[in-house]
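Whenever a hint applies, use it, and build me the whole structure from the sequences.
There are 2 protein chains.
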Amino acid sequence: MRRAHPVLPLAPGSTIGILGGGQLGRMLALAAARLGFDVAILEPEPDSPAARVSAHAVLAPYDDPAGLQVLARLASVVTYEFENVPAAAVARLADMGVEVAPGPRALEVAQDRFEEKSFLNRHGAATVAFARADSGEEAVEAIALVGAPALMKTRREGYDGKGQRWIEHAADAARAFEELGGRPVILEAAADFRRELSIIAARGRDGATAVYPLSENHHEGGILRRSLAPAEVAGHIAEEAERIAARVLAGLEYVGVIGIELFEMEDGRLLVNEIAPRVHNTGHWTLDGCEVDQFEQHIRAVAGWPLGPTHATARVEMINLLGEEAEGWLRFAHEPETRLHLYGKREPKPGRKMGHVNLVKPLGR
Amino acid sequence: MRRAHPVLPLAPGSTIGILGGGQLGRMLALAAARLGFDVAILEPEPDSPAARVSAHAVLAPYDDPAGLQVLARLASVVTYEFENVPAAAVARLADMGVEVAPGPRALEVAQDRFEEKSFLNRHGAATVAFARADSGEEAVEAIALVGAPALMKTRREGYDGKGQRWIEHAADAARAFEELGGRPVILEAAADFRRELSIIAARGRDGATAVYPLSENHHEGGILRRSLAPAEVAGHIAEEAERIAARVLAGLEYVGVIGIELFEMEDGRLLVNEIAPRVHNTGHWTLDGCEVDQFEQHIRAVAGWPLGPTHATARVEMINLLGEEAEGWLRFAHEPETRLHLYGKREPKPGRKMGHVNLVKPLGR
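Chains A and B supply the protein sequences, listed in that same order. Residue 1 is where the first sequence starts when you use this note's numbering, and the numbers rise one by one after that. Residue 1001 is where the second sequence starts when you use this note's numbering, and the numbers rise one by one after that.
Incorrect hints may have been included.
Over 12 angstroms on every C-beta distance to chain B, these chain A residues come out as not near it, computed from the model [stated by the list, open to error]:
no.	residue
1	Ala33
2	Leu35
3	Pro44
4	Ala51
5	Ala88
6	Arg105
7	Gly207
8	Thr209
9	Arg226
10	Ala231
11	Ala246
12	Glu261
13	Glu335
14	Asn358
Which stretches of chain A does chain B cover? Using the computed rule of at least three CB atoms under 8 angstroms from a CB of chain B, they are [to be verified]:
no.	region
15	8–20
16	308–316
Please keep in mind that the hints were generated in silico from the structure rather than gathered at the bench. Beta carbons: idealized from backbone N, C-alpha and C, even for Gly.
In structure tokens form, the structure reads like this:
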């Protein structure tokens, strides 16, 4: 059932497929609906947040051939809410003539932390020193290269601080390697950063790009706690972040919204921490601080539409609601400057992202 | 299966029922999803715009007992997107212990144009002169009361200019009465108005009220063409509109968002044209001109949440996209100040509301 790639831009009334039924898929689906699109969600869990606001729900593992075939029949283009989409799924969709955006190159790079940092350095985006290791012995050698303390991460998978640990002494590296499952890892030098920033950027099918103002991000226990945007940054920092975004987007021949996490170093340099080939938690402020938020922007890009404006219309503090914090919804609803976004998740497990609030203030205050 | 009324405010994760699956239901459903609610749509047409963004779709006539029972089982509270909900449906839902908001009083008044104007006058809101007629003979007499030309409308049903006609001479009244189906009518005096305004207002379960800035509205062929908001009005006009809204909301013991159409007369008075006990086309500007739009406001009200802020954050020109006008979507997508809202309707029939655009400009320009 090979068919021609859709003639773009995609007309309203078409169906956009999304791999993943979590909160990012949900907010993408809501944005797509506003533009007149239907949405089909492929997700192995029943009753997912995104499926409950979408026209079609395909209940199947991400790499299930039958499920992917149903999705291919429904959707004119497919995107995803998380970067660990199986490469086989994307290949199978391509075989069936369905384009996936962002494309396979973005997934290859983002799914492997060693490939990612190598790609970044090749494209003129600085990172901390890093080295790969496929054994405990290599891990010890890698520490000698990058110095201690160093952060050991599995090359693949892991999020919100999972699948990683700090190595204080080279002697501990071999044991840590085994504790992380004996899988290929990357060792990263500690970053002496002043603060964490991120830039949300987008690239359309025509190669046009757009960047949102920078966000300043605060993590706790490896999980994003809050973001402030637009971040107060020196002009040259903003320009450097935009240069990095432009290089990454072009290097990946990217289509869609990308999140690029940055370290602002004590010495004033900007290093890339990681890239996420999708809408990003640190871009949730755009829902109430921009005319076109990151979700609509992503839908516009993957549908081949022109990108929308990205300037800030307000100053926003975004605070994630983790676990039982979302039970404070009534208190937030009483605050006139607070915009509440809840994801429809049934179980408030500790650390689970249940929603977020955007505290909105006028620009220039 | 009688059960206690929900303990309010309604918690996220609950299901809100909506009678009607059109664009208003769709935009209500999107707003409800943002706050973490599930939505169940009851609508006789398959593949409706609202059902495609909702967790549950009940395909049944509005007064179908089985369909209403399914809705009652799913939903903690039920609202509606149009005022011609059968009274029997609301009564049946009440029998099953499910609250409907806005309540039966609002529907009774809004479903009958004679009751509506009588209610308004009783509550200190002026209207044009009007008279009822149940026969051609009475229609002729009514013209004598209100003067010619007069507007004859069926007392019940009709929208966007349907079910009404102008009577130039009393002698034509009897024939017009027959042409409108021989049903009870109301005769309204011509309003010598300078312009049409509307006010979107809300009342919470706690009796708190909130009003949005006035909108200036332009109709063509009985269909809303465009709205400008906030309208430029004299201070006393805005205050009078707010007084009218407060009286109407209190008089109906209203819960939810209401649209009140006003005539600004050449002599400076403000007359009420009609009230719509629901979110309203002239409030679509709030989607891009307010922090909490009319759809979220309505969901907040019917869920027993506190009302949100209603001040304008931008100046908006809302233009309805009728019929094939929506096919200009790509042109609109290219305009940076234009926010596009499409309803997912399959067939662009002439005059059919397919979407709208909000042209957004900074306040004070």
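Results of checking the hints against the structure:
no. : hint    : result
1   : Ala33   : 5 angstroms, violated
2   : Leu35   : 6 angstroms, violated
3   : Pro44   : 18 angstroms, holds
4   : Ala51   : 8 angstroms, violated
5   : Ala88   : 30 angstroms, holds
6   : Arg105  : 26 angstroms, holds
7   : Gly207  : 16 angstroms, holds
8   : Thr209  : 15 angstroms, holds
9   : Arg226  : 19 angstroms, holds
10  : Ala231  : 22 angstroms, holds
11  : Ala246  : 20 angstroms, holds
12  : Glu261  : 26 angstroms, holds
13  : Glu335  : 9 angstroms, violated
14  : Asn358  : 10 angstroms, violated
15  : 8–20    : holds (count 4)
16  : 308–316 : holds (count 4)
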